[in-house]
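**Student:** The listed protein sequences correspond, in order, to chains A and B. Following our numbering, the numbering of the first sequence begins with 1 at its first residue and continues without gaps. Following our numbering, the numbering of the second sequence begins with 1001 at its first residue and continues without gaps.
None of these hints come from the bench; they were simulated from the model. Remember, predicted model here, so these are calculated numbers, not experimental data.
Pairs of lysine-lysine residues, derived as DSS-like cross-links and limited to a Cα-Cα distance of at most 30 Å, are as follows:
hint, chain 1, residue 1, chain 2, residue 2
1, A, Lys127, B, Lys1130
2, B, Lys1186, B, Lys1151
3, A, Lys61, A, Lys5
4, B, Lys1186, A, Lys186
5, A, Lys27, A, Lys41
6, B, Lys1186, A, Lys86
7, B, Lys1130, A, Lys130
8, B, Lys1186, A, Lys41
9, B, Lys1127, A, Lys130
10, A, Lys186, B, Lys1027
11, A, Lys186, B, Lys1005
12, B, Lys1005, A, Lys41
13, B, Lys1186, A, Lys61
14, A, Lys186, B, Lys1051
15, A, Lys5, A, Lys86
16, B, Lys1027, B, Lys1051
17, A, Lys186, B, Lys1061
18, B, Lys1186, B, Lys1086
19, B, Lys1186, A, Lys51
20, B, Lys1051, A, Lys5
21, A, Lys27, B, Lys1186
22, A, Lys5, B, Lys1186
23, A, Lys186, B, Lys1041
24, A, Lys127, B, Lys1127
25, A, Lys186, B, Lys1086
26, A, Lys51, A, Lys61
27, B, Lys1186, B, Lys1127
28, B, Lys1005, A, Lys51
29, A, Lys5, B, Lys1041
To list a few chain B residues with every Cβ distance to chain A over 10 Å, as calculated:
hint, residue
30, Pro1046
31, Leu1048
32, Glu1149
A few chain A positions that, by computed beta-carbon distances, are all more than 10 Å from chain B:
hint, residue
33, Ala25
34, Ser45
35, Gly63
36, Lys130
37, Thr144
Glycine residues also receive a C-beta, built at the ideal position from the N, C-alpha and C atoms.
2 protein chains.
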Amino acid sequence: MKLDKISDAVIRRLPLYMRVLDDIARKGSIQLVSSYELGDKAGVSPALVRKDLAWFGEFGKQGVGYEVDYLRMELRRILNLDREHKVVLVGAGSLGTALARYNIKRYNTDDDFNLNIIGLFDNDPQKIGKNYDGIEIRSISEITQFVKENKVKMAIITVPVESAQEVALKLIDGGVGAILNFAPVKLDLPENVHVLTADLTLEFKRLAYYLDDE
Amino acid sequence: MKLDKISDAVIRRLPLYMRVLDDIARKGSIQLVSSYELGDKAGVSPALVRKDLAWFGEFGKQGVGYEVDYLRMELRRILNLDREHKVVLVGAGSLGTALARYNIKRYNTDDDFNLNIIGLFDNDPQKIGKNYDGIEIRSISEITQFVKENKVKMAIITVPVESAQEVALKLIDGGVGAILNFAPVKLDLPENVHVLTADLTLEFKRLAYYLDDE
DNA sequence: TAGATTGTTAATCGATTAACAATC
DNA sequence: TAGATTGTTAATCGATTAACAATC
Chain A
1 MKLDKISDAV
11 IRRLPLYMRV
21 LDDIARKGSI
31 QLVSSYELGD
41 KAGVSPALVR
51 KDLAWFGEFG
61 KQGVGYEVDY
71 LRMELRRILN
81 LDREHKVVLV
91 GAGSLGTALA
101 RYNIKRYNTD
111 DDFNLNIIGL
121 FDNDPQKIGK
131 NYDGIEIRSI
141 SEITQFVKEN
151 KVKMAIITVP
161 VESAQEVALK
171 LIDGGVGAIL
181 NFAPVKLDLP
191 ENVHVLTADL
201 TLEFKRLAYY
211 LDDE
Chain B
1001 MKLDKISDAV
1011 IRRLPLYMRV
1021 LDDIARKGSI
1031 QLVSSYELGD
1041 KAGVSPALVR
1051 KDLAWFGEFG
1061 KQGVGYEVDY
1071 LRMELRRILN
1081 LDREHKVVLV
1091 GAGSLGTALA
1101 RYNIKRYNTD
1111 DDFNLNIIGL
1121 FDNDPQKIGK
1131 NYDGIEIRSI
1141 SEITQFVKEN
1151 KVKMAIITVP
1161 VESAQEVALK
1171 LIDGGVGAIL
1181 NFAPVKLDLP
1191 ENVHVLTADL
1201 TLEFKRLAYY
1211 LDDE
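Kindly generate the complete structure, drawing on both the sequences and the hints.
**Tutor:** And the structure:
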């Protein structure tokens, strides 16, 4: 199905559509949704909704709209959410552990996305060997092997800036293909690795721009 | 200076340039940087670097490049980073407190950005009145007044999905103009309010897409 | 059937890149 | 001066929107 390379802009919107569909499904009753309603709730124009979906197939019925449950299932499949994703988290500081607890656990209660943190890593000898919510904290030196053995493809980095690049290389060495990086540094990695920067400093600086004339 | 409306795409890159300039400045020695080097380190083409900067003035010298310290100062001014920004954080759960501690405090050690969390808010009676890192946790019912009195313009929301919209409206009522929202929901707010969604579920779902053929 | 809405093509809009005269 | 690099204009590229025939 992925014959043409589909642009990042399109992929970025698919989870947005999923969120809207999930909301509708949760509310029950409504089984059909038009590109107008879907677009409105996702903050996207109806034409763009249709165009985005059309990249992957014909999911709607002319004159009728899209069947909510069917479209959800198709999007789940397209985004690979219909299988488990094993994740390791590197940097068991307060942010890392908060993410491990608050976010990930939470996501799994929605059973629409099976994200599973199977490893925690840190360099602090005081933390290594300890348990966190049932997951053992391991030394960063073991990452590559662990990731390789467990076929982990996703990782979250919450280590300090200085070690982020090094950690990323170890992860990739073990086969990781997607990284969510919280360290405020641009990681220099091979093109086939997908890095997503969650650098909150950048976001705040950007927001500050818009506050001038108030 | 903000005569033309400058596009979001441009603004998004400015903090990236700042980060590179900060790095260079920290390393000392080098006082000049070309659009080639700056672009390379920021992951942007040289032509685009020059075009972005040209929106705001003529900061470079032909045949020479840009003076690092001068450009930093100009960008700081453009992004309004040359003054204090008061922030409130709503939702004193593990993610909220981790952000308060790990991120924000940390940013302020770089003295290039004066982000100051002056208020924490939660609805849990057990938490209200307690101190966190010297900041009192207050009831969400007091937000609007607090924000108004202290002229707070920025806020971080880490409350559960159900209350995010309501909290956002209270903040705006008090004069907040920029919100960093961690709740996985699209906030429906006036156009003049700048909302930045840090919905990690969306990001993970997006990343999952790229993991299929491995 | 009549009304509604899809999927898709063509038109538009905006952002990035290429190119180069100006000039340090 | 000769070499380098800016600021800027024109060309290109890509993404979004408008429009509409197809059809449920």
